[in-house]
Amino acid sequence: MSCPVEIDEVYLGGREKKNKHADRKDKNKKTTVVGIGDRKTGVIRVIPVPETIAARLLAFIEANVDPNSKKFPKNRVYRELKNHDAVNHGGGEYVRGEVHINGMWFWALVWREYNCTPHSIKPKYLHRYIDEFGGRLSMKALGTVYEMCTIVQNLECKSLSYAHLVAQYVMWPANPSQI
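Residue numbers (the numbering used here): 1 to 179.
For the record, the hints were derived by calculation from the structure and aren't laboratory data. All of these numbers come straight from a predicted model, not from anything done at the bench. Mixed in with the good hints there might be a few duds.
Unchecked claim - Calculated cross-link-like contacts (lysine to aspartate or glutamate; reagent style DMTMM-like; alpha-carbon spacing at most 25 angstroms):
id, residue 1, residue 2
1, LYS70, GLU93
2, LYS158, ASP131
3, LYS40, ASP66
4, LYS124, ASP66
5, LYS70, GLU98
Go ahead and model the full structure; you've got the sequences and the hints to work with.
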């Protein structure tokens, strides 16, 4: 992605129920999903990450974004990015000229899909839902006919075996250079 990009993350997981036990915080860990949205083309790239460590997030961004493009993150984790500018949501600042992440409305649609359709998604399968949803939204700008042709081409002669479906999924490579 070489145009100005917006970078944001969302935490998906169940709501923490009232629990009197001391270890309740460890029982319901949410999965972080990081997204990069290209303002010009509307292409969205998303990936679930096990934890928001700056090195992993920066490796994902560097692998998907041109180093010279403008980057607009929301979180302080991204302060090491080159050519970036951010607004301070905590201080009540949401837009400053072209600096904003209002184009990441993608998360509202992800939440709706996540909460309504399957009712719960295991972290093991979250990458499949996120990839499919991000791909579907990225194709919308190209037109309905192109979108339908692409879906049909991707379905031809392909099957997903049960063994492959339930195989252990490594959410993030041990070495960030493998992205």
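Results for each hint:
{"no.": "1", "hint": "LYS70 - GLU93", "verdict": "19 angstroms, holds"}
{"no.": "2", "hint": "LYS158 - ASP131", "verdict": "17 angstroms, holds"}
{"no.": "3", "hint": "LYS40 - ASP66", "verdict": "14 angstroms, holds"}
{"no.": "4", "hint": "LYS124 - ASP66", "verdict": "30 angstroms, violated"}
{"no.": "5", "hint": "LYS70 - GLU98", "verdict": "10 angstroms, holds"}
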